[in-house]
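What follows is the residue order along each chain.
Protein chains: 2
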Amino acid sequence: MQGCSEFDLIARHLSRLGTHRDDVLQGVGDDAAIVATTGEPLAMALDTIVQDVHFPADLPARCVGWRALAVNLSDLAAMAAKPCWGLLGLTLPAMDEAWVEQFAAGLHALACQHELALIGGDITRGPLSVTVQVTGRLPHQPLRRAGVQPGDRIWVSGQLGEAAAGLARWQADGSATIDEPVVQRFLYPTPRVALGLALQGLATAAIDISDGLLADAGHLARQSDVALVLDSTRLLAQVSDAVSYEAVLRGGDDYELCFAAPPDADKAVKQAAQATQTLVTCIGQADFGAGVWLDNERVDLRTAGYQHF
Amino acid sequence: MQGCSEFDLIARHLSRLGTHRDDVLQGVGDDAAIVATTGEPLAMALDTIVQDVHFPADLPARCVGWRALAVNLSDLAAMAAKPCWGLLGLTLPAMDEAWVEQFAAGLHALACQHELALIGGDITRGPLSVTVQVTGRLPHQPLRRAGVQPGDRIWVSGQLGEAAAGLARWQADGSATIDEPVVQRFLYPTPRVALGLALQGLATAAIDISDGLLADAGHLARQSDVALVLDSTRLLAQVSDAVSYEAVLRGGDDYELCFAAPPDADKAVKQAAQATQTLVTCIGQADFGAGVWLDNERVDLRTAGYQHF
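Residue numbers (the UniProt record's numbering), protein chains in the order written: chain A, 1 to 309; chain B, 1 to 309.
Treat the hints with care, since some could be wrong.
Remember, identical chains collapse to one label, so a pair may be satisfied in a single copy or spanning two.
[Said to hold, decoys possible] Quick list of in silico lysine to any residue cross-link-like pairs, SDA-like style, CA-CA up to 25 Å:
(1) LYS267 with THR204
(2) LYS82 with THR38
(3) LYS270 with ARG62
(4) LYS82 with THR19
(5) LYS82 with ARG298
(6) LYS267 with THR177
(7) LYS270 with PRO56
(8) LYS82 with GLY147
(9) LYS267 with ARG62
(10) LYS82 with ARG234
(11) LYS267 with ARG302
Simulated from the structure, these hints should not be mistaken for lab results.
All chains, please: the whole structure from these sequences, using the hints.
Written out as structure tokens, the structure is:
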């Protein structure tokens, strides 16, 4: 169905289900939902990864476990939330104890890095897919998508396109080794949780880059009602040799953050990046208007990123 | 793999993943997890339903949406939690807007009954399955599985076996109509949320019956370290005509509650049932010892209920 993206589908049928509750501070439409409790507010996210859709069938079990949690922690990172608890829904075609053990080891390793406890789960029989739900505390104000101001600088973390390049290497032939840096970036994405928390009070908005830079920048622009003006020279300044320009713009699965901050926060942003040992690069700025612009040409967002439908 | 049930698999590999956290009051092993927040504690559950495993391919979309939420609300009911927020992971083989609309309507109807808001979701492409995660408030002490005391009476809500009988009717031939009571019980299971809340302070333990009475009674017995002694005469007293004895004992998907309460709470239990318009039946009692006993014969729990593996 042309023009009917996942986003449209969710917006149309699934964004207002159930009762209206005053304790829902953010519903469908950001990287995570936010609810008010009798104590501090909580951020909640849920993501599913499906074999042959989100990861190739030959992805090692350890990497499947890691990835299922990583994509969710990336959503918490983009809200500046501190991960606390996770629930797991694992659907497996057959009982394979060695597979489950490796899967568990991958999930466990990443959970421990972020002091997250897995508190519940459900194992079912069926085609391989993994759903993880995570809840995080919000020690400060959350970082939303809808906060970019005209004049803000636009930043990204990490080196974009590496996951896409790593996937291409992984799938190309038998010559890729698991130790190659871009292959590692694909196998073990790094959610930028510490950076998200460190940007609190500095950034005006953030999103995690899961569908590719241009597509996710499009979400930021639309939800903030601004234009994002990106500069290819800056974009390419921090890209590693193994990565194509196309992968930088449209490659998915990087799980880096794209965020905005006013120009007078430049120094503080760099300090936050250094304190969390994260590379950050300024790739443009926000302006009055709409859409995403790359070197003065407006990007067609209908073809910018990966759409499931 | 003989003897390696879903339960064993979870217990072995997935029950201690991630960091140990002091704010986890109940991890894997009960109907829902419980976490401490800076305010009141919260109960969290997650369940996945997969086409051809948990529901037949011809189940109407509206019933799929209802069921995906119902199985989760049933877990909250068994903890005496009040449902608040839900997250949805919907995996669909193809974009079918009419299907999604009906699915959403079913989920919405049940969510509204329980004042639950759907706060987030993820739609992915893949073989049809639905994962829902729910969070509820715990206004009082939670009802756990591990609380049955020797001497307690054992109660069940509703009329057991009706969902299994309804599924059999549904699958038998073209003659079943959607209006038949047992078919309705299969299509639209009723999570006993109000009863669970009303049992607070009365019941010593509870579990929801999803895998069949004997299997779930087995969990109660093991986790409470008692024997459950059930009486077939009492069990059959409240069963409707369309239902076989086998379905009463082993039929899944009823989503009724099995709970324990001391004998001096009999009157209060009946009042709680009446106040919440729920049928309850005393089906036996707890004793020192182990296992589930039916008319003085010990039940073989290895074959008591449905196992995915």
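Q) When the hints from earlier in the document are held up against this structure, which numbers fail? A) Structure breaks hints 3, 5, 6, 7, 9, 10 and 11.
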